[in-house]
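First residue of the sequence shown? That's 59 in this note's numbering, and the numbers climb one at a time after it.
Derived by calculation from the structure, the hints in this document are not laboratory data. Where hints are given, some of them may not hold.
[What the hints assert, rightly or not] Pairs of lysine to any residue residues, derived as SDA-like cross-links and limited to a Cα-Cα distance of at most 20 Å, are as follows:
#  : residue 1 : residue 2
1  : Lys75     : Lys120
2  : Lys79     : Val104
3  : Lys118    : Arg76
4  : Lys79     : Leu92
5  : Lys120    : Phe99
6  : Lys75     : Thr126
7  : Lys118    : Gly136
8  : Lys75     : Met59
9  : Lys120    : Val131
10 : Lys123    : Pro85
11 : Lys79     : Lys120
12 : Lys123    : Thr88
13 : Lys79     : Met59
14 : Lys118    : Lys79
15 : Lys123    : Phe70
16 : Lys118    : His68
17 : Lys79     : Leu102
18 : Lys79     : His68
19 : Lys75     : Asn124
20 : Lys123    : Ala100
21 : Lys79     : Tyr110
22 : Lys120    : Glu108
[As the list claims (entries may be wrong)] Pair by pair, the computed Cβ-Cβ distance ranges are:
#  : residue 1 : residue 2 : range
23 : Pro119    : Thr84     : 17 to 25 Å
24 : Phe99     : Glu62     : 16 to 24 Å
25 : Met59     : Thr84     : 12 to 20 Å
26 : Lys120    : Asp98     : 15 to 23 Å
Predicted model only: the values in this text are computed from it and were never measured. For every residue, glycine included, the Cβ atom is placed at its ideal position computed from N, Cα and C.
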Amino acid sequence: MQDEIFTFLHQFIIRIKRELKPSDVTPQSTVVALGLDSLDFAELHVELMERYQFDFFRNKPKDFKNTTLQQLVEQVVGQ
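All chains should be built: construct the whole structure from the sequences, respecting the hints.
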C-alpha cells in the first residue's frame with residue numbers, strides 16, 4: 059500500500075510541477091522543497107479523499123511544510 063500511495067503522490071507532483079524531474083521527487087522530499095502551494099494542496103486534498111478517503115486538512119501535520127512524502131504516505135496508511 060505504501061508503494062501505491064507514494065507512486066500516486068509522485069505522479070501527482072510531477073503532473074502539477076512540470077519543472078521538476080521525476081528524480082527530484084523522492085520519499086525524503088519535503089513539501090516546501092517541492093514548491094507545493096495552497097492550490098496544489100487543495101487539489102491534493104480532493105484526490106486523496108477520492109482515492110484513499112484521507113482527509114488531508116483534518117489530518118495535516120502541524121509542521122506540514124517540512125513533512126516528507128514518506129511521512130505523508132505513512133499518515134495515509136495509518137489513518
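Just pull the numbers of the violated hints for me, sorted ascending. 1, 2, 3, 8, 11, 13, 14, 21, 22
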